[in-house]
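Peer 1: Using the sequences and the accompanying hints, generate a full structural model.
As you go down the protein sequences, you meet chains A and B in turn.
Our numbering puts the first sequence at residues 29 to 143.
Our numbering puts the second sequence at residues 89 to 204.
In short, the hints are calculated from the structure, not lab data.
Among the hints, a few may not be true.
In the PhoX-like style, the derived pairs of lysine-lysine whose C-alpha atoms are separated by at most 25 Å in a straight line are [what the hints assert, rightly or not]:
(1) A:Lys105 with B:Lys108
(2) B:Lys108 with A:Lys97
(3) A:Lys77 with A:Lys130
(4) B:Lys102 with A:Lys130
(5) A:Lys130 with B:Lys152
What you are looking at is a predicted structure, and each value in this text was computed from that prediction instead of being measured.
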Amino acid sequence: AQSVAQPEDQVNVAEGNPLTVKCTYSVSGNPYLFWYVQYPNRGLQFLLKYITGDNLVKGSYGFEAEFNKSQTSFHLKKPSALVSDSALYFCAVQHGSSNTGKLIFGQGTTLQVKP
Amino acid sequence: GAVVSQHPSWVICKSGTSVKIECRSLDFQATTMFWYRQFPKQSLMLMATSNEGSKATYEQGVEKDKFLINHASLTLSTLTVTSAHPEDSSFYICSARMGFWTDTQYFGPGTRLTVL
Chain A
29 AQSVAQPEDQ VNVAEGNPLT VKCTYSVSGN PYLFWYVQYP NRGLQFLLKY
79 ITGDNLVKGS YGFEAEFNKS QTSFHLKKPS ALVSDSALYF CAVQHGSSNT
129 GKLIFGQGTT LQVKP
Chain B
89 GAVVSQHPSW VICKSGTSVK IECRSLDFQA TTMFWYRQFP KQSLMLMATS
139 NEGSKATYEQ GVEKDKFLIN HASLTLSTLT VTSAHPEDSS FYICSARMGF
189 WTDTQYFGPG TRLTVL
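Peer 2: Structural data, given as structure tokens:
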């Protein structure tokens, strides 16, 4: 069965410091991996995705993620956090050989950036 | 680009009534739309997949007669919660994608439903 795990319910970081939000996945075949961010009472905003190619993917708002096949991970990173980055972050996986487009979401990680 | 809207953004209704939520792709044609439900501080749960011109595919455990989905055009899908009850109160979010395979899903802002 496909699954996504975000092991941390909350990540706290000081403004200006680097941040990492962790994600591991389990899927047969090639995974398509996504990161989304959700602000309170809002829908999800797309940040970035990995389909194929370079393991380091750059996305919106200075975020990037590194695909690590051996560790089945797709951690979200940013070199210098902003207070405005504080939000709920979701990692999601889609089965690579499926055209249904179904996404399996992780449970979400709340990022708190303190001034 | 790739903007998805939902209407209404919030709705309060009485138990036993029906509520319709609209999901529109504003600047692209969506071959597929998805409907999710999200409980407070929880992840998104996929309810159904909707392809234009065909019947929706519901996830296991989702009552298709209670959550009616219509995908009438390439830019509009509707979710109707029939005979709503307080336990149907939730945040409903739709998403849309342009094509198949690797296309990204773009999400609407969500609709907060409260059933009294």
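Peer 1: Hint by hint, note whether the structure agrees.
Peer 2: Evaluation of the provided hints:
1. A:Lys105 with B:Lys108: 39 Å, violated
2. B:Lys108 with A:Lys97: Violated, at about 43 Å.
3. A:Lys77 with A:Lys130: 15 Å, holds
4. B:Lys102 with A:Lys130: At roughly 33 Å apart (the allowed maximum being 25 Å), Lys130 (chain A) and Lys102 (chain B) break the hint.
5. A:Lys130 with B:Lys152: 18 Å, holds
This entry does not satisfy hints 1, 2, 4, going by the numbered hints stated previously.
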